[in-house]
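S.K.: Spelled out from the first residue to the last, the chains are:
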Amino acid sequence: MFKEGQIGVYIHWPFCLSKCPYCDFNVYLRREHDAQDWLKAYLQSIRTYQSLMPGREVVSIYFGGGTPSLMAPNEVRAIIDEVTGGWGVSDQVEITLEANPTSTEMNKFEAFRQAGVNRLSLGVQSLRDEALSFLGRLHSSDDVRRALGIASKVFDRFTFDLIYARPGQTLTGWKQELQEAIPLMKGHLSAYQLTIKPGTAFARQVDRGDLKLADDDCLADFYTMTSDVMTDHGMPPYEVSNYGAAGQESRHNMVYWLYQDYVGIGPGAHGRIGYAGQKFSTEDYKRPGDWMAAVQRQGHGAHGHAPISPQDQFEEILMGGLRVKTGVDLDRAELKSGYTWCDGIDTQRLQVLVEQGWLSFERNHLSPSREGWLRVDSILPYILKAP
Amino acid sequence: MTQDLKYIRNFAIIAHIDHGKSTLADRLIQTCGGLTEREMSAQVLDSMDIERERGITIKAQTVRLLYTAKDGHEYQLNLMDTPGHVDFSYEVSRSLASCEGSILVVDSTQGVEAQTLANVYQAIDNNHEIIPALNKVDLPASDVEKARQEIEDVIGLDASEAVECSGKTGIGIDDLLEAIVTKLPPPSEGDAEKPTKALLIDSWYDAYLGVVILVRIIDGHLKKGQKIKFMNTRAEREIDRVGVFSPKPVMIDELGPGEMGFITAGIKDIEDTLVGDTITDMRKPCDTALPGFKPSVPMVFCSLFPVDMGDYEDLRDSLGKLKLNDASLHFEPEQSQALGMGFRCGFLGLLHMEIIQERLGREFDLDLIPTAPSVVYHIYRTNGEMVELYNPADMLDPVYIEHIEEPWIKATILTPDEYLGGLLQLCQERRGVQIDLTYAGGRAMLVYRLPLNEVVFDFYDRLKSISRGYASFDYELDGYDKNNLVKLEIRVNQEPVDALAMIVHRDNAESRGRQMCERLKELIPRQMFKIAIQAAIGGKVIAAEHLSALRKDVTAKCYGGDVSRKKKLLDKQKKGKAKMRQYGNVDIPQSAFINALKMGDE
Numbered sequence: 108m109f110k111e112g113q114i115g116v117y118i119h120w121p122f123c124l125s126k127c128p129y130c131d132f133n134v135y136l137r138r139e140h141d142a143q144d145w146l147k148a149y150l151q152s153i154r155t156y157q158s159l160m161p162g163r164e165v166v167s168i169y170f171g172g173g174t175p176s177l178m179a180p181n182e183v184r185a186i187i188d189e190v191t192g193g194w195g196v197s198d199q200v201e202i203t204l205e206a207n208p209t210s211t212e213m214n215k216f217e218a219f220r221q222a223g224v225n226r227l228s229l230g231v232q233s234l235r236d237e238a239l240s241f242l243g244r245l246h247s248s249d250d251v252r253r254a255l256g257i258a259s260k261v262f263d264r265f266t267f268d269l270i271y272a273r274p275g276q277t278l279t280g281w282k283q284e285l286q287e288a289i290p291l292m293k294g295h296l297s298a299y300q301l302t303i304k305p306g307t308a309f310a311r312q313v314d315r316g317d318l319k320l321a322d323d324d325c326l327a328d329f330y331t332m333t334s335d336v337m338t339d340h341g342m343p344p345y346e347v348s349n350y351g352a353a354g355q356e357s358r359h360n361m362v363y364w365l366y367q368d369y370v371g372i373g374p375g376a377h378g379r380i381g382y383a384g385q386k387f388s389t390e391d392y393k394r395p396g397d398w399m400a401a402v403q404r405q406g407h408g409a410h411g412h413a414p415i416s417p418q419d420q421f422e423e424i425l426m427g428g429l430r431v432k433t434g435v436d437l438d439r440a441e442l443k444s445g446y447t448w449c450d451g452i453d454t455q456r457l458q459v460l461v462e463q464g465w466l467s468f469e470r471n472h473l474s475p476s477r478e479g480w481l482r483v484d485s486i487l488p489y490i491l492k493a494p
Numbered sequence: 376m377t378q379d380l381k382y383i384r385n386f387a388i389i390a391h392i393d394h395g396k397s398t399l400a401d402r403l404i405q406t407c408g409g410l411t412e413r414e415m416s417a418q419v420l421d422s423m424d425i426e427r428e429r430g431i432t433i434k435a436q437t438v439r440l441l442y443t444a445k446d447g448h449e450y451q452l453n454l455m456d457t458p459g460h461v462d463f464s465y466e467v468s469r470s471l472a473s474c475e476g477s478i479l480v481v482d483s484t485q486g487v488e489a490q491t492l493a494n495v496y497q498a499i500d501n502n503h504e505i506i507p508a509l510n511k512v513d514l515p516a517s518d519v520e521k522a523r524q525e526i527e528d529v530i531g532l533d534a535s536e537a538v539e540c541s542g543k544t545g546i547g548i549d550d551l552l553e554a555i556v557t558k559l560p561p562p563s564e565g566d567a568e569k570p571t572k573a574l575l576i577d578s579w580y581d582a583y584l585g586v587v588i589l590v591r592i593i594d595g596h597l598k599k600g601q602k603i604k605f606m607n608t609r610a611e612r613e614i615d616r617v618g619v620f621s622p623k624p625v626m627i628d629e630l631g632p633g634e635m636g637f638i639t640a641g642i643k644d645i646e647d648t649l650v651g652d653t654i655t656d657m658r659k660p661c662d663t664a665l666p667g668f669k670p671s672v673p674m675v676f677c678s679l680f681p682v683d684m685g686d687y688e689d690l691r692d693s694l695g696k697l698k699l700n701d702a703s704l705h706f707e708p709e710q711s712q713a714l715g716m717g718f719r720c721g722f723l724g725l726l727h728m729e730i731i732q733e734r735l736g737r738e739f740d741l742d743l744i745p746t747a748p749s750v751v752y753h754i755y756r757t758n759g760e761m762v763e764l765y766n767p768a769d770m771l772d773p774v775y776i777e778h779i780e781e782p783w784i785k786a787t788i789l790t791p792d793e794y795l796g797g798l799l800q801l802c803q804e805r806r807g808v809q810i811d812l813t814y815a816g817g818r819a820m821l822v823y824r825l826p827l828n829e830v831v832f833d834f835y836d837r838l839k840s841i842s843r844g845y846a847s848f849d850y851e852l853d854g855y856d857k858n859n860l861v862k863l864e865i866r867v868n869q870e871p872v873d874a875l876a877m878i879v880h881r882d883n884a885e886s887r888g889r890q891m892c893e894r895l896k897e898l899i900p901r902q903m904f905k906i907a908i909q910a911a912i913g914g915k916v917i918a919a920e921h922l923s924a925l926r927k928d929v930t931a932k933c934y935g936g937d938v939s940r941k942k943k944l945l946d947k948q949k950k951g952k953a954k955m956r957q958y959g960n961v962d963i964p965q966s967a968f969i970n971a972l973k974m975g976d977e
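First to last, the protein sequences are chains Y and C.
Residue 108 is where the first sequence starts when you use the numbering used here, and the numbers rise one by one after that.
Residue 376 is where the second sequence starts when you use the numbering used here, and the numbers rise one by one after that.
Since the hints were made in silico from the structure, they are not lab data.
Here a beta-carbon is modelled for each residue, glycine too, at the ideal position from N, C-alpha and C.
Cβ-Cβ distance ranges computed for the label pairs, FRET-style:
| id | chain 1 | residue 1 | chain 2 | residue 2 | range |
| --- | --- | --- | --- | --- | --- |
| 1 | Y | Ala308 | C | Arg889 | 40 to 46 Å |
| 2 | Y | Phe468 | C | Asp683 | 33 to 39 Å |
| 3 | C | Lys943 | Y | Thr447 | 21 to 27 Å |
Build out the structure end to end from the sequences listed, making use of the hints.
M.R.: This is the structure we're talking about:
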């Protein structure tokens, strides 16, 4: 899918109008900064990485957050121009912006398109008003339909998120909701099971016993049904939680899963970048103030660039590779990481999983079945040899 | 100068836990000028934390008191504080053997308890003259007449001249001292001219002095520079210190016939100084050793594993340090498939085991997993040979076994009437055989024969809970008997979990097996595959549970930043694998087995 040297660029915009009870992203409510300085910091960071890793070709730019649709379209344009000005650009470049379906944001869609954005990712989460209010969203189901209507006129490609397996939700209720959502799609959907992350408002409710989640067996049923319905409508899963018609896959996310280099810019953003013959992980300072100061001091907002050992690279390749339909080629993973795969993988155990029908393993190419996806977090620790 | 035997009294204090023995002893010491009022605040004799907290004396101790009696003479009183529990019954017997009399302390608010009974009979066996002392008479709940009646009814001692006293307020202490002088006999024999003959009462390790040996001289002397010989261990040493406790250690020139005190002889290893051994002069030895010596034999076993594998070396060192002071503690390395490296330890009894476990935790800061306590079985092979089985995991294949014998105890339980029904049921459940049931003043005395392995399990806790803490319990060993015993094996995915193996009576095997299977089902986290948990005897499965497979384990999102988080988790999981044990095609965390064992304590 990707060529050697192709990269993705992730821009993290950490501000939101309100914080959702399930969200554990690095998000801040107020913008206590000067817009001008803030933009300068992004541009400076981009330039720093461009000089560090010159000659690369960008396949994707992704504005995530936070709520990047709160940015001014000219800021988005400036960032896109900076990226595409200093690096080569694939003719298939995907430029995605996350947005919420609120009225102020949907009025900016056209301006974002003109700024260079060619794909929209909408945080719909549900078509049910009571669910939206439970999830702490500021929009209504009417807003959703209006926003999706505008998006489909303005953008050739767009996607949205839904959250399911919510407390009290029944299997038939979710099937109904999903089927209502299908005509609103344009070939792509991300459907996430509600996950309670530590430190969120929901986590506190769970601790207090105010919030009860469905058990594993029930979650498995939800998952299987979702996957069946989406497949029936021509959008089979190509990753654990992502469904798309051929060609509609999120190129940006494929960069992560296929372990291409990606530059992460913005408070709390992570990156995986190769330069000087070595692969590094980067993590930007989380607090906006610290991040700004870091960029001003050193030209980028990261704590430092930590080299990743061949074995760690190999394991990261597997982590992503087992989540996608196409799977992972162990010989190519070995080549990419420099780690001999048979040193790390217990092939006997691999065989056990193949016999269970959870993995296929042919000519050293490993790919998960749907049943395998359901347990993918257990699979990797199971097949990796103990240190 | 040799002390005239006439003016020596050697006596022990016998009491049930909490009946005020130590306070009374401290009061005697204070009255004779050994302690100031301020020093009285802490109990002097029980020097270890655990001893003080639990009111148990583990090591014998002696204090020399000088008391000027009403007859105008100054008497040397050697007060012996004996270990107070049946686990240390051999040590108690040697302590008692070094005295001619005992004070039987009975709490006048409580009456006679089972433990009192056992100790007082031992004192009687040692031909002791006994002075009953009714303690705590200052308390409103004190019922002197009832206590007096119980001493007569339950023990069968004449209590008409029992001394009424209070260690706390000092009432009756003078009467008690006077009774010691007038009622207890002086040492009956003792010849200063004969070859040295002394009883080794107890010994302990002191970081500065080396091993300190508590002695009672029968004949001859012990003095500094003297070359001595331990008749049973055959060790030979030179005395470098001789002293008495006042209760502070005071060095003196020599100890003579009838006297008690301590010596040190540059000994580093407590195993050279066995309780009950006879000490004599190397050059001029006595003809015969004192009777009654026997090396200590561990009766209860359990394995100890460090929760953190990195603590293995620490555990070995700590056991070694405890062993310095406790010759009766036995241990050897053990390798368990489920729990890793640890030690199989042998103890004198349940309390001894508890004390050691508690000290390892408290003094050495070790987090340990003890396996269920077990006893020593005698396995008679089909070829007639007998082997001792210390660890259920080492059980022979049943086809080679002719029969198995297990140790029994004779248990004495004293309880208020209203709990009798529950206790009878408990003893019955534990395969007990009733020997005697008598009543005395609203209380029942129950004598049962019980298999020790049923008692080590949680008998004592059940007894206390049935009787709301009022029943008291004591036991003595009562031989081995043949029984229908089997090894109950717990298997996970057909593989035995060694640490959970146990020897049980065939009749109890099903229920114990089912219990353990259910417990493990709760404790083992669901895995990718179905897990079979079984209890089996030989090849036959007698109870089984199935843990269904995990149907879903996948995080919804894995984007840029999630990769780092998930990688950290993966590293942790990989590390955790080292702490897991593979059963069939699943890895099971050690913690599941640890918790299964912990729940056994309840």
